[in-house]
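Spelled out from the first residue to the last, the chains are:
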Amino acid sequence: MKLTIPEIELMTPGHLACQGCGATLAMRYTLKALGRKTMLFIPACCWSVLDGPFPYSSLEVPIFHTAFETAASVASGARAGLDILGDKETNVVSWAGDGGTFDIGIQALSGAAERNDNIIYICYDNEAYMNTGIQRSSATPRLSWTTTTPAKHPKVTPKKDMVGIMAAHRIPYTATASIAYPEDLIRKMNKAKNIEGTKFMHIFAPCPTGWRSPPEICVKLARLAVQTKAFPLYEIENGLEYTISKKPKGTPVIEYLKLQGRFRHLTEEDVESIQDAVDREWEILLRKAEATKGFVKSGDS
Amino acid sequence: MQKVIMGNHALSYGAVVSRAQVIPAYPITPQTEVVSLLSELCADKVLDAKFVKVESEHSAMAAAIGASAVGARTFTATSAQGLALMHEMIHWAVGARLPVVLGNINRAMGPPWTIWTEQNDSLSQRDTGVLQFYCESIQEILDTVIQAFKVSETIYLPSMIVLDAFVLSHTSENCDIPDVKLVDKYLPPYKLRYKMDWRDPHAFGGLTSPDWYYELRYKIELAMEQAREEIRKADLQFKKMFGRSYGLVEPYRCEDAELLIVSSSTIAGTARLAVDELREQGKKVGLLRIRVFRPFPCDEVRTILKTAEKVCVIDRNISFGHSGIFFQEVKSSMYNSQSHPPIFGFIAGLGGRDVTPDVIKEIVEYTEKHEKAEDKIWIGVKR
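One line per chain: the protein sequences are A and D, in this order.
Okay, so the first sequence: first residue is 1 according to the numbering used here, each after it adds one.
Okay, so the second sequence: first residue is 1001 according to the numbering used here, each after it adds one.
Any given hint might turn out to be false.
To be verified - Within a straight-line C-alpha distance of at most 35 Å, the following computed DSBU-like cross-link-like pairs (lysine-lysine) qualify:
no.: 1; chain 1: D; residue 1: Lys1045; chain 2: A; residue 2: Lys37
no.: 2; chain 1: A; residue 1: Lys193; chain 2: D; residue 2: Lys1219
no.: 3; chain 1: D; residue 1: Lys1310; chain 2: A; residue 2: Lys88
no.: 4; chain 1: D; residue 1: Lys1306; chain 2: D; residue 2: Lys1181
no.: 5; chain 1: D; residue 1: Lys1219; chain 2: D; residue 2: Lys1233
no.: 6; chain 1: A; residue 1: Lys193; chain 2: D; residue 2: Lys1191
no.: 7; chain 1: A; residue 1: Lys297; chain 2: D; residue 2: Lys1185
no.: 8; chain 1: A; residue 1: Lys37; chain 2: D; residue 2: Lys1053
no.: 9; chain 1: A; residue 1: Lys37; chain 2: D; residue 2: Lys1185
These are computed hints drawn from the structure, not numbers from a lab.
Predicted model only: the values in this text are computed from it and were never measured.
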């Protein structure tokens, strides 16, 4: 059977991830696309730890571990440094979790995006502060259990639309991706690495440990999220033109939710409200894609 | 080239002749002239550098760290609230062993809002491991930027060059801006021993257990100890090539002094005048200016204070709940030494309150009149 993704492996065995960790697949596929001429700037997140303790590293690219809120700012500085030294080729990549992107790191990210610094910012999203023990982030979906949003006091605010925020900066390329769709992820990474300016990639990377699911269904969860439209796959050029990557037939969101312990407390009304929200967001996305078709080519940007 | 420039611009020109390559910076009064001149010089291609207009001081230091980690010489500047915001990342630059050079305009911390001079902002960085140089003159600022790059890039710790808000940042003096080709001979290109490079991939700063972390801290302290010698060497070589030197401390008329004033920055400059006036009155007064605060020049302080009968330290800062910070450091340096002159601690000039030669004389007079040393005497508090 023909392999449809690059063969190169830049991630080696020996990392410290939990069984069934989605973040490892996110990294593995990303590095296949970006290749060896890549450096990663990693703030506090699961990958700070799972890469391996000193003196080990499980990646064959350089990693600079940095403070929580600085994934984008340290990368901006590195890009400036490489550029002045004559290296415009090496991929400068911020690799951060949802906490370090949606919450504490959003200022630095907004700054880099506004400057259109030539970096690839990749957020692998497991929808909570997993490294510190499953606390809620603004990426946590509405009504999800976490240790700081217990079932009796669930998160009532919706998941922050980080992709929308990045699109508002009018950066050249913004995209969502999923570990269950490696070819799509790699295609988008390849596209990103050949664009000059700030690129924001939002990778859906389930965490069975934090979501209270069996580890062996990690990829299945990621696939269901796309198939139920809970996590749509799409791209935005210049913050204006929307292109949907996959148009699923339509699986009810309950098929996705029922496999996760973090949603175990949901009532029927809760599930209905989640389905309504998913349907509404999907409808908006469809209309955006329709309304902005050809925007970028026609020079309206 | 001779030019009349303001203190802030001495930082800018220091960065220019040191061939800084990446300058990430955020504006704050009274630092703004440092970075706006650098921005102009980058745009005019006088300086071949990338000016990164970051969106906060925390990001400025983070970007400086990123640039330095890939092998670019990096400079930034800030003040007060901005320095406080950088604090976490100053720790980071130290731990990452990166030779970033930072200019800080000493400005009092808010609230309430203030823009005038005080040293609490820089002294709050005391324990981070950043080297600290306190400047008295505009020439010294420029020269210290060059020396700091040389020292930092030898021992792999960041340096902070400190100057008083307005009193020094916004006053102008004639200054020699050295020829960049001569500076090239003094300051070779930045070579990072281990840098971020895809050809030789490593993980920097990963999780480190107690089995290893302790030795890394030990190595930072070894670097600080080495810094004393490197600062001396750099200063000596600077004298040979540029004709100027400053030392870790600058004694003035201390040899036969009975009463020693110890201070820093522009208060030391004013004290120089007071010393001359007091000497004319027949008083045997001397001044010890402390230039390098970290690493603290214990040996020099012990040697010079050895023969004094009384010492008064003037702090334009205070560690709340204790006393002036230079005072504490001087006092603790003397504890294990052979001689123990009474050391008086004076607080003056906080929030930019003017410290005139008369204030210095008032301090000297108080010290003369009292037998027993006091830890904390506030000068000029309105009651």
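**Q.** Indices of hints not satisfied (ascending)
**A.** 2, 3, 4, 7
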